[in-house]
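Trainee: So the protein lines, in turn, are chains A and B. In terms of my numbering, the first sequence opens at residue 1 and continues consecutively. In terms of my numbering, the second sequence opens at residue 1 and continues consecutively.
It is worth saying that the hints were derived from the structure and are not from the lab. Backbone N, C-alpha and C fix where the C-beta goes; we use that ideal spot for every residue, glycine too. Take the hints with a grain of salt, since some may be wrong.
[To be verified] Some chain A residues near chain B, calculated using beta-carbon distances under 8 Å: (1) T12; (2) S25; (3) M31; (4) F47; (5) Y58; (6) I62.
[Claimed, not checked] Pairwise CB distance ranges (calculated): (7) B:G145 <-> A:I37: 23 to 29 Å; (8) A:G36 <-> B:L261: 52 to 58 Å; (9) A:T12 <-> B:W238: 22 to 28 Å; (10) B:P456 <-> A:A68: 26 to 32 Å; (11) A:I37 <-> B:L407: 56 to 62 Å; (12) B:V431 <-> A:G36: 21 to 27 Å; (13) A:A68 <-> B:V431: 24 to 30 Å.
[Said to hold, decoys possible] Over the 12 Å line for every Cβ pair with chain A, so calculated as not near, a few chain B residues: (14) L24; (15) Q68; (16) A137; (17) G171; (18) P281; (19) I498; (20) I560.
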Amino acid sequence: MVSLDDIPVGTTVRVQDVHGADPVSLRLLEMGLTPGIEIRLVGRAPFGDPLELEVRGYRLSIRRQEAARVSIGDR
Amino acid sequence: MTPRPLTVALLGNPNVGKSTLFTLLAGIPTRVGNYPGVTVEEKVGRFLHRGRQIDLVDLPGTYSLAPQSPDERVTVDVLQGRMAGVPRPDCLILVVDATNLERNLYLATQALEVGLPAVIALTLSDVADRRGIRIDADELTHRLGCPVVRVAAPTGEGIGAVRDRMLDAIGGPPPRPLALSATDAPTASGVTRPPAASDAIARYAAIGRLLEGISGTSRPALRLTEDRIDALLTHRLWGTLFFAAVMLTMFASIFWLAAPLMDLISAGMDGLSALLEGLLPSGPVRSLLIDGVLAGVAGSVVFVPQIALLFLFIAVLEGCGYLSRAAFLMDRLLVGAGLSGKSFIPLLSSFACAIPGIMAARTIENRRDRLLTILVAPLMSCSARLPVYLLLCGAFVPDRAAGLPWLPLKAAVLTGLYALGVVVAAVVAIVLSRTLFRGPPQSFVMELPGWRWPRPAVVLERAREAAWSFLVNAGTLIVAVSVVIWALMNYPRDDRSIDADVTALRTTLESQIAATGSDDPERGDLVAERASLDTPEGLESARRGAAQRQSFLGRGGRFIEPVVRPLGWDWRIGCAAIASFPAREVVLGTLGVIYNLGDVDPGEEEGATLLQRRLKAARWDGTNRRVFTLPVALSIMVFFALCAQCASTLVVIGRETGSWVWPIVTFVYMTVLAWLGAFAIYRLGLFLGW
Ligand SMILES: Nc1nc2c(ncn2[C@@H]2O[C@H](COP(=O)(O)OP(=O)(O)O)[C@@H](O)[C@H]2O)c(=O)[nH]1
Ligand SMILES: [Mg+2]
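With the hints as constraints, model all of the structure from the sequences given.
Mentor: Here's what the structure looks like:
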């Protein structure tokens, strides 16, 4: 499985699924990271973590630990 | 008969213009407080429209009505009418950011299902226009069955319409909930999703259909400029440099810009107490008013400049969207200690003063992170510790260490004390986050809002509100604590034993003078102290010292002597440590009184020198052994670096956490650590023969 955590800055990818059934995964879905949506990795913080994403036209920051729950496919 | 007031609640995601809309609709809030039992802020404003009185409630910003945090639970409770003291709203104003429609409609469409009349306010419409985002509000109104009003704060567009639609909606039919379809959330290859997750997926799909053909973007160029700013400000080098500059400016302003204002307040209070002194006859009433009440008032008002300045800064950073970026940049550094990026500003501010720092933790939405930040914030060496460090370093730390001639020792000790606070805070945070605060993994899902110009009205309101809530909530308690400490420091009082004490002092000094050789450099000091007992001021100072040693506090000092002995302290130092409970810097003044100097001002050159000389000359009772040596001075400094001797901080922790448990926890853990630290450095000092 390729996760959001593994892609280079600047790439646009499509979300396949958000794994896990706990509040963290629910929050990711609620923030709009739903299966099928296109997202872009805008950048990383100076120490490599967290990540900055573009989701549904806004900017979202999540930690790598959370990004690892998001499996992705090609656009 | 006047109709009953209507309750209207503002509901929306964080940072979408709720507070701005609140101010535009209702002006300054009539009531700011906490919801019962939780530390979530409640803000109520009042205005009249078409003859109806409307109570406007600003709900905390939330992303979803499936509650995960206390803030979200409060919102749900208010909407259900289950929150004590807040009537169930008659109408909701759903605040929806026009530049971020899909995500904002997620919460808005959840709220439509609550069954309350609602109006959607499309805020930031001016920004959306500039970005080329067009939204057909009429068609959206039609499809949702709920009025949608364009709002632009800079021009005031839509404010009147929001008021009108709001009254129209009350009494009208409730809005239709958005139809969700189960087929939108297929369960892929046998995974069963929790219902809330399926609901989220289906809702976004439904929102996508809802917006089909009525919203779109035509001009991506502006977005590109924003992207460039963003790229620069989160850049590894430039972003970090810019961040450092912003933080330095913020810190400098609360450290130095606040100083003249604080001096002004102190001077005003001194003037007032001088005035009272002239008006009232000397006696317990005057003493209570001046040293108890007025000192307490001064001791709380003096924090206002720092609080107001810090919140001014935070409001500007928050308003333009940089606050989240700052948290984004610093997150990695703090996450290792069990904290998060949002803890950075509260902790940094605590180097100036823990009180505004602890209050700044309000910007941390995550309850656990917020509490942890509040608990370790008082470990940062605040400006009140500096005079203690400077006086003791100045008097007892040599300029150079033997064997290390290149090392400026005083500066090294000072730096070490600051570093000690940071390191201990990190360790405490790590330990607490793995023990007391262990729990399910916390999500760090943070929106980085678009760049905007902060609105001065909102910024000023934020600073005013912070200062006011401090004065009203914490200030009164600080005055109460000050009065209690005053009583402990002045009673019991027995003039006969004070006289006996002064006589004993005279005898001790005379025998000490007789025992010291005429070439001893300290002989002069002893002779001067003995001679001062024959002057009215000197006698008064000695009597004050005696009175303080007799008071409950002084007895407390003797009582705890066995506890402070291992730190190398005599009972006088123990007494001063207890008496400094109102505020750390008081310890110098207390030492001055205990050593019969009366009111010295350790902040001034002369007072400091006098106190340093008196401390250097201090002996253990009935012996010729010095009390203050380098290990003892270090032990005192380490103790003050780590202890919680600041009543105001504890009061503010109580207020901000809404519970008396946390100030007690803070006091206990810090005092234990302070004792251990002081013991360790004292023993080390003795062992190494410093
Ligand atoms: N241009 C513009 N800025 C706005 C508008 N509404 C709010 N803002 C700005 O957006 C930021 C966040 O607003 P605020 O009211 O604090 O949002 P809250 O977190 O929802 O209470 C502030 O900088 C406001 O000045 C608007 O209609 N137009
Ligand atoms: Mg707000």
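Trainee: With 12 Å as the threshold, tell me whether A137 of chain B passes as away from chain A on beta-carbon distances.
Mentor: holds (18 Å)
Trainee: Please check whether the beta-carbon of I498 of chain B is more than 12 Å away from every beta-carbon in chain A.
Mentor: Nearest chain A Cβ is 62 Å from I498 of chain B, so the label holds.
Trainee: Does the hinted range 52 to 58 Å hold for G36 of chain A and L261 of chain B at CB?
Mentor: holds (56 Å)
Trainee: Minimum Cβ separation between L24 of chain B and chain A greater than 12 Å?
Mentor: holds (24 Å)
Trainee: So, as I understand it, the hint says I62 of chain A touches chain B; can you test that by seeing if any CB pair is closer than 8 Å?
Mentor: The hint holds - I62 of chain A has a Cβ within 8 Å of chain B, the shortest such distance being about 5 Å.
Trainee: Using 8 Å as the Cβ threshold, decide whether Y58 of chain A counts as touching chain B.
Mentor: Since chain B brings a Cβ to about 5 Å from Y58 of chain A, closer than 8 Å, the hint holds.
Trainee: Do the Cβ positions of I37 of chain A and L407 of chain B conform to the proposed distance bound of 56 to 62 Å?
Mentor: About 59 Å separates the Cβ atoms of I37 of chain A and L407 of chain B, which means 56 to 62 Å holds.
Trainee: So does T12 of chain A sit 22 to 28 Å from W238 of chain B, Cβ to Cβ?
Mentor: holds (25 Å)
Trainee: Between G145 of chain B and I37 of chain A, does the C-beta distance stay in 23 to 29 Å?
Mentor: Check passed, 26 Å falls within 23 to 29 Å.
Trainee: Tell me if the interface restraint on M31 of chain A is satisfied: Cβ within less than 8 Å of some Cβ in chain B.
Mentor: This hint holds: M31 of chain A lies near chain B, its Cβ roughly 6 Å from the closest one there, short of 8 Å.
Trainee: Within 21 to 27 Å: is that where the Cβ-Cβ distance between V431 of chain B and G36 of chain A falls?
Mentor: Violated, at about 43 Å.
Trainee: Hey, does P281 of chain B actually stay past 12 Å from chain A on C-beta?
Mentor: Label holds. Min Cβ-Cβ 65 Å, cutoff 12 Å.
The structure fails to meet hints 1, 10, 12, 15 from the earlier list, while all remaining hints are met.
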